[in-house]
Amino acid sequence: MFQCSVLGGGGMNAAAELTRVLVVDDDKFDHLAYRRLFKKANAAVELIPCYYARDALAYLRRPDHAPFDAIFLDINMPAMNGLEFLAAASAEFGEAFSHQVVAVISTSMDPRDQEAAEGYDAVKAFYSKPMTIEKIAHIGALVAEARRAHS
Amino acid sequence: MKALSLIDPEPLNGDAARRYRQALIAYARNGGEADLLEAYECARAALQAQVAISDIGEIHFHAARELRADSTDRELTETRLEAFYLEAVSVYDMALRGYGASVATLTNEIAERRRVEEELRKLSGMLTLQRDQLDQQVRARTAELQNKVEELRALNGQLRQTNQEQSQFTYALSHDLKSPVNTMTNMLDFLASDYQDYIDEDGQELISAARTTAARMSRIIADTLCYSQLVGVEPRFETVDLAQLCKEVLADLRADIDAAQAKVHVGALPVIRGLPTQVRSLLQNLISNGLKFRAPDRPCVLRIEATSDVDDCEVEVSVRDNGIGIAAAQQERIFGLFQRLHTHDDYPGTGIGLALCQRVAHVHGGSVQVQSEPGKGSCFSVRFWGAGA
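Chains as they are written, first to last, in numbering that gives the first Met the number 0: chain A, 0 to 150; chain B, 0 to 388.
So that you can see chain A by itself, here it is in the shape it has in the complex (with noise of 0.2 Å):
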């Protein structure tokens, strides 16, 4: 369903459509490896890490949060998993949630929590770990396909 090679053509800048990102997930150092990867590509991105599903919730709940172009979320979570946090945000805000750019980065290859998750709108994308530079830019392109929808 997602192909990188469709988007080919945005090539590596496309990472720089991407200013602020909502990294969900509790591995501290796939937090340090999306850091790393975004240094790679070149782009200034700010990462705002949740540690675990229940905060990412609490950010977005807060009126005051900044934009964000993104959320990787991961699937595998404690005490709230990322398809827990999807059915969470999805009744709580509805459908100023299925408008976000969320990508589900996962070690999980089951089928089954693909299937899951793309039964979000919210979702746009899925992933298995690890990340790599094709794959954050591909995330750069839908965010852009995105923006240029809502314009």
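Simulated from the structure, these hints should not be mistaken for lab results. Owing to the predicted nature of the structure, the values given are computational and were not obtained by experimental measurement. Some hints here could point you the wrong way.
The list that follows gives simulated cross-link-like pairs (lysine-lysine, DSS-like), each with its CA atoms no further than 27 Å apart [as the list claims (entries may be wrong)]:
#1 Lys39(A) - Lys128(A)
#2 Lys38(A) - Lys128(A)
#3 Lys291(B) - Lys27(A)
#4 Lys177(B) - Lys291(B)
#5 Lys177(B) - Lys128(A)
#6 Lys27(A) - Lys177(B)
#7 Lys27(A) - Lys128(A)
#8 Lys177(B) - Lys246(B)
#9 Lys27(A) - Lys38(A)
Chain A is nowhere near these chain B residues, computed Cβ spacing over 10 Å in every case [as the list claims (entries may be wrong)]:
#10 Ile24
#11 Val148
#12 Glu372
Some chain A residues flagged as far from chain B (calculated, every beta-carbon gap over 12 Å) [said to hold, decoys possible]:
#13 Leu46
#14 Met79
#15 Asn80
#16 Gln99
Note that CB positions come from ideal geometry on N, CA and C, so glycine has one too.
The hints should help you fit chain B onto chain A, whose structure is shown.
Below, chain B alone, put in the same frame as chain A:
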């Protein structure tokens, strides 16, 4: 004279007729009491020989005619003939009546008996039929149940085999993963120590991350090994002294207890039936959870206690802490394999401990129960069979 005589009844009635005739002659001549009594015997014999009453009349008058012919005292003879005849006939008549009445009674009795017997036959026939049907139903049901039992036994066997295979697979996999992880850890350690001067801070950060991750992996492998060894185990229960076991576990955890500055209260612990190594893992996991999830703002206090029922059949062992507690919504999740409530930074762990405890409890015929309130503490309890059971 001969012309007057009707048919001679003698040939028809044989012995009975001859006997009557002789007795009549004897009485007519002698007139003795014993001779007259012979009339009674004659009547009985006639009755037995089925001589009709009308034939007795014929026999009598036939014999009487001869007697009259050569009698000297006609009047006396006549009186005696009459007396004998009346005696015979009345006895015959009486016997006949009695016989008839008893025949009727007997006939009724026989009919009744026959009816009762028929009824009994019918009833026992019905009973036999019902019993046969019941037997058939029981046989059919038994066969059905036997099939079910066979089916379940086969399924159970398959399940056990699958479990054992899975357990063996998990064991082999974990075991084989152990050595590459160890090697990796070794290499990272060499890199960190031997190249410290050549690697910049950024690189050091990566090496440190890799080492932490390798250590985590190593822990997951060890715990998975532990867990896999619980699966498909044939439970051969022994007597387990919980007090002694608890002492040993606390000694093993001494460093953690000191680090947590925890106070551990141990109540009277009984002797139970169980698998010592499994009960030990369970206790160790519950106690180290109590230490790990302590509240940062108050001293950690653990209570390990047991309550027995009256006959010591069942023993409930509980480990109570005053730690951070668990929200009601999460109380089911904590027993799931690899399920965790915290990040590795907040509380390290593999998410295997409580799943392992639950497995141990299941092997011992119970389950781990949790009572908890966030911010107040948790109490985990398990039931075991007491040694008295």
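Verdict on Leu46(A) as a residue remote from chain B, using beta-carbon distances over 12 Å: holds (16 Å)
Agreement of Lys27(A) and Lys177(B) with the hint, judged by alpha carbon distance not exceeding 27 Å: holds (24 Å)
Reported absence of Asn80(A) from the contact zone with chain B (all CB gaps over 12 Å): violated (9 Å)
Lys39(A) paired with Lys128(A) [C-alpha distance capped at 27 Å]: holds (17 Å)
27 Å limit on alpha-carbon distance, applied to hinted pair Lys38(A) and Lys128(A): holds (18 Å)
Gln99(A) non-interfacial with respect to chain B [C-beta, more than 12 Å]: Given that every Cβ of chain B is farther than 12 Å from that of Gln99(A), nearest at about 23 Å, it holds.
Non-interface claim for Val148(B), where every Cβ of chain A lies beyond 10 Å: For Val148(B), whose nearest Cβ neighbour in chain A is about 36 Å away, the distance exceeds 10 Å, so it holds.
Separation of Ile24(B) from chain A, once the least beta-carbon distance is taken, above 10 Å: Non-interface label stands for Ile24(B): nearest chain A Cβ at 128 Å, farther than 10 Å.
Pair hint outcome, Lys177(B) versus Lys291(B) [Cα-Cα no greater than 27 Å]: holds (25 Å)
27 Å Cα cutoff - pair Lys177(B), Lys246(B): violated (30 Å)
Hinted pair Lys291(B) and Lys27(A), Cα distance within 27 Å: With a Cα-Cα distance of about 20 Å, the restraint between Lys291(B) and Lys27(A) holds, given a limit of 27 Å.
Restraint status (C-alpha distance of Lys27(A) to Lys38(A) at most 27 Å): Answer holds: Lys27(A) to Lys38(A) is near 17 Å, not above 27 Å.
Hint check: violations occur at hints 8, 14 and 15; the rest are consistent with the structure.
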